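Novice: Starting from the two chains in their separate frames, assemble the complex, guided by the hints.
What follows is each chain in one-letter form.
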Amino acid sequence: MDMQGKLARLKATGLRQDVVLLLLFCVMVLAFSLANPRFFSIRAMANILQDFSPVVLMATGQTFVIASRGIDLSVGSVLGLAGVSMALVIRAANEAGLDPWLAISLGLAVAVGVGVVVGLINGILITYCRLVPFVATLATMGAAAGMSLVLTGGTQIAGAPKEVILLGNATYLGALTVPVIAVFVIIAVSWAFLSRARFGRWTYAIGSNPFAARGAGIDVERHLIKLYLLSGVLAALAGAFVYFRLGSGSPLSGRGGELNAIAAAVIGGVSLLGGTGKLTGVVIGALITTAVLSGLILIGVQPNWQQIVVAALIALAVGIQGLGARGGR
Amino acid sequence: MISVNEIDLIFTEERKMSPIRRMVIAAAVSVLAIGAHAANAQDKLKIAFIPGIASDPFFLAMEKGARAAADKLGVELVWQGSASEYSPQSQMPFVDAALADDIDALILVPTDPDSLQPAVVRAEAAGIPVITVDTTVSDQAYLTAHITGDNVDGGRQAAKTLAEQIGGEGKVFIMSGSPGATTNTLREQGFREELASNFPKIEIVGREYANSQPANATSAVNTVLLNHPDLAGIFAIDGTSGTGTIAALRNNNAVGKVKLVGYDAYKAQVDALQEGVFTALVAQQPAKEAELALEYAKAKVTGEGADKIEKSVVIPNVVMTRENFAETGSSMYSE
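Sequence lines, in order, name chains F and R.
All the letters of the first sequence, read from the start, carry residue numbers 11 to 339 under the working numbering.
All the letters of the second sequence, read from the start, carry residue numbers -7 to 327 under the working numbering.
Calculated from the structure, these hints are not laboratory results.
Keep in mind it's a predicted model, so treat the numbers as computed, not measured.
One or more hints might be untrue.
Derived Cβ-Cβ restraints for the label pairs, each shown as a range [what the hints assert, rightly or not]:
no., chain 1, residue 1, chain 2, residue 2, range
1, F, Phe50, R, Ala246, 20 to 28 Å
2, R, Ala246, F, Val188, 19 to 27 Å
3, R, Gln109, F, Leu326, 38 to 46 Å
Computed cross-link-like contacts, DSS-like style, restricted to lysine-lysine with a CA-CA straight-line distance of at most 30 Å [as the list claims (entries may be wrong)]:
no., chain 1, residue 1, chain 2, residue 2
4, F, Lys172, R, Lys259
5, R, Lys36, R, Lys303
6, R, Lys56, R, Lys303
7, R, Lys249, R, Lys152
8, F, Lys172, R, Lys249
9, R, Lys280, R, Lys292
Built from N, CA and C at the ideal position, the CB exists for glycine as well.
Looking at chain R on its own, in the form it has when it is part of the complex (with noise of 0.2 Å):
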């Protein structure tokens, strides 16, 4: 056993250092930390992905593709969400438990850009490197590659789809989800953008927000078309808007006579696509998404392919319809 007084000679001892001198010590350390770390990979590499919300499909979907993808390039999956809500205070405690475990590198959909920048900080300080996916944090500096879905395109197609089935002209309604929710701010922004840019004769009578409640979406479709007996068309932002909006279509007997773009390719929207209910689906990737990050994750670690990594990668949308589905529908989530 060492005796205080022993203590107090080292920490002395250390005072007295040159700054030097210092330096070479530190750097054994991280040798020394770098070869265990190093040692304790060559077992299995273990990643952390931290979802948005674990209890949601499009995480459930990509939750499938990043476990299919794990099995592939064999790292361990650590597969950790809130399950009650997307928000940056609900996310925190996985981020906070991941960055404590000892794992060898972080995959993360920001809840927010701003509020999880603190957790790449101190991911970098831990020598941990981080890969966004979906969203991305604000400063992408430290960041080995964020690849995102891109929500204002997303809008943009839903627009100009939209805009050809109704024949270029009408009034046309934006069902939200959330205002609180970016994904929908920012598909909004390019449905807007896209209207008002190319399609003048098309008037957007109105925007309502379902938050997370379908039968707040059929309350709010039901009274827009009460108010406009010849809407033309509706843009359903997300799922749960989507399942409302179809509800009160079919309840004033408007299926087909209200074209219907939704977001996003659950199989009941796509079987509701197929009906002919929904006239057009955004669908994102969300599998494709997980799985380019977890081959990042391993390169970044390994150094193996390294050089093939894009710091940023925007994953396209795909526009299903009933008529392109012999191609498109292989882009269907998996549940």
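So here's chain F without its partners, still in its complex pose (with noise of 0.2 Å):
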């Protein structure tokens, strides 16, 4: 009895997502590392920690908005539309001589507000308007992608003070920088609000079933608000992150973002249809979709293929995922 529960317990956590997409995630570091030991470093860890950071913040965000049955294809506009709102405020502030860490806190603040305003919009419009979220997001992604070329003319916008680089890519133990561990605080705070709080469990319910959900009193339309408001949130810091990188903002920045933190999402065990998904495999799912980037450069696999086999490692994780499904079952 006490043995047969152990391994129903074994089987069960041997199909879960999450434990999948790491034993994936595992063999693909050791197989990068056999052909090229350089992939298995410090330095290598630190790259691919920094190209993780905006896709699993957007990834984030679409994995409580994709649970709640909808979807934000607004993500990588509003990243490049915050980094260069911020980038602007920042350099207006750097050239009338205001304190740097002044300067990027307002910068940071302008960024967040974008999120917040357009995480807003598209709140309203899915609840209020009744738009169905996929319209209502494809039309604030490209009218936050024009806005950022209206601010800047399509120009790249420099002229950050030192300490947003030194910010963006001083490391810490070799590996962290300040964003990158801000990341994994917001992951941290975030997985605690989708798994274990009422917050998740509301997002997960209306997921299945908003009519069950409104019925049982949850006030889903404040509740979807809240949510594409967080994405908006996530997105517009990923922004923040990208600019800390690379010391300037690029009206182009995120373009199609949109879609690596979806295949993110569905790698990590999110489903389309709502009312599941685990942050945990989304974080792997992420870091997956990064590491191969890093890895096959370092393999020298030409570029042209690197599309196609991320594109064959999102087939294989969602179909290791349908084989999981239906053998729980």
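Specialist: Have a look at this one:
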């Protein structure tokens, strides 16, 4: 009896998407490290974590939104718009002779503000104007991308004080930058909200059955607006982190980033039908998609093939997920 | 009002016309049309200028040059282009709109040599002179002129400069923009050709694409520096890949140690050149291209100075370094 219980539990753990992905990730790391030992180094890890940060932030927002049976296509454009808005503010503050840390705080506030505004618009369009999430966020995606071009005239916005680059690139313990540490904190808090708090339970309830959720007394509209707000703010923070890394804001930054975020979420086991999805899986999903690119460069795979390898990886991960679901039933 | 019968009659009449008479009438109609056109043109020449993509800083610099030239020449400039992407399908609607408008000449930056050929054919049918700028179409017979930047030459210049800066030997890396952009492929071709024929001791260790995302270039260069700690030089083929490469060099404390040749001379890049992050920049001359195109367009339509039009003009690139900045600094693009 006890033995059987343990076995069943072991089997259930083995079929969990995040565990499967973790194994896949380990296999990948092993394979790349054997092909080129440089992959297994602190510096390679530092690079991967920097690439991983914006993707995982957008994917985290996406996980909440998709779990509620929605989608947020605007995250990539929000990343770009937040980045250039911040770059413009910091450049102006810097030219005006403001203290660099004050300028950075101001810029960060403006970036978050951009996320709040776009997130709110998404939420209101979806709840009160009754647009389907795909259409509402498609509209804001275009508008935000256009706004970045209007604000910058298409040029990159440099003129950041040294402190910006320092903040984005100085490493601690060899691999951790301030933004990377912040990202881990954000992931931990989001995980607690999604899987250990009422906020997450409501999100899943709405995603499983919005009518039942409303019947159970959940203020669905209010909750959905909060979810899109969260997604917008996380994307804006991703924009801020990219800006810290580069020391300049590009209006094209983030274009297509929404697809990377959705891919990470889907690899992580989030179902586009809503109601399910664990953040642990998504985090590993984002780690896999970013690490694979670094690895492919290190083993000398031609860039045009890299996209195909990533595509195959998505199919593989989602395929395992399908098998797992069938096996578990 | 004309009755249906009368219309019938007119058509029968026309069918009966002799070919000679028909030609005479056609000629008369064209003369009238040209007369009307000329009368209109006396107000102010209207010239449409369709850039490859309106939001790109390169074309913004070109727009600045075009507007200044239009003011100087006293012509009306209609500047319209896609804000979203450099591609024939986004450019076509703007070309269509320009041809439907009452314009005297069309200046076009074809986003693809074959896909934009039909637009030139339609302009020819409407008797509108066409000048291509920066890139051109595959059949140049009808064009009044084609004024191009030379991307292969730019790549060669970049190779020569980088080779000199690294002392003629060592490992170099190409950070490209996008596999679909012809300008990038041509620059890379020139770069590779020059190294292959004149610098056998230089090895190209790889090439990656930024795909419009500076952060992609940063990751790629970080990884390449990890794999080749003795990397001597990088050719960053466009503005985006340059920005991303700079971040990676700073990250790895490799500024100055790894020589970096960039393309284009926007203010941010020129600042980086003066800081010593870029060791050289290959500058094009977008404003000059636009200015010449407008001069030619006016000359072609009015006939004044039409004999001075050269059918094929290649605007040379300028290699900008910290050392020669006093002479080359004026090639910085206006923003």
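Novice: Each hint: holds or not?
Specialist: Against the structure, the hints:
Range check, F/Phe50 to R/Ala246: about 22 Å between beta-carbon atoms, so the 20 to 28 Å window is met. Against the hinted window of 19 to 27 Å, the Cβ-Cβ separation of R/Ala246 and F/Val188 comes to about 22 Å, which satisfies the hint. Separation of R/Gln109 from F/Leu326 is about 43 Å and conforms to the stated range, judged on CB atoms against 38 to 46 Å. Between F/Lys172 and R/Lys259, the direct Cα distance comes to roughly 18 Å. Compliance with the 30 Å bound is thereby established for this hinted pair.
Proposed proximity of R/Lys36 and R/Lys303 is supported: the alpha carbons are some 25 Å apart, at most 30 Å. Taking the CA atoms of R/Lys56 and R/Lys303, the gap is about 24 Å. The hint holds against a cut of 30 Å. A hinted pair counts as satisfied when its Cα atoms are at most 30 Å apart, and R/Lys249 with R/Lys152 qualifies at roughly 18 Å. Distance check on the hinted pair: F/Lys172 and R/Lys249 sit about 20 Å apart at the alpha-carbon level, within 30 Å; holds.
For the hint pairing R/Lys280 with R/Lys292, the CA-to-CA distance comes to about 18 Å; that is within 30 Å, so the pair holds.
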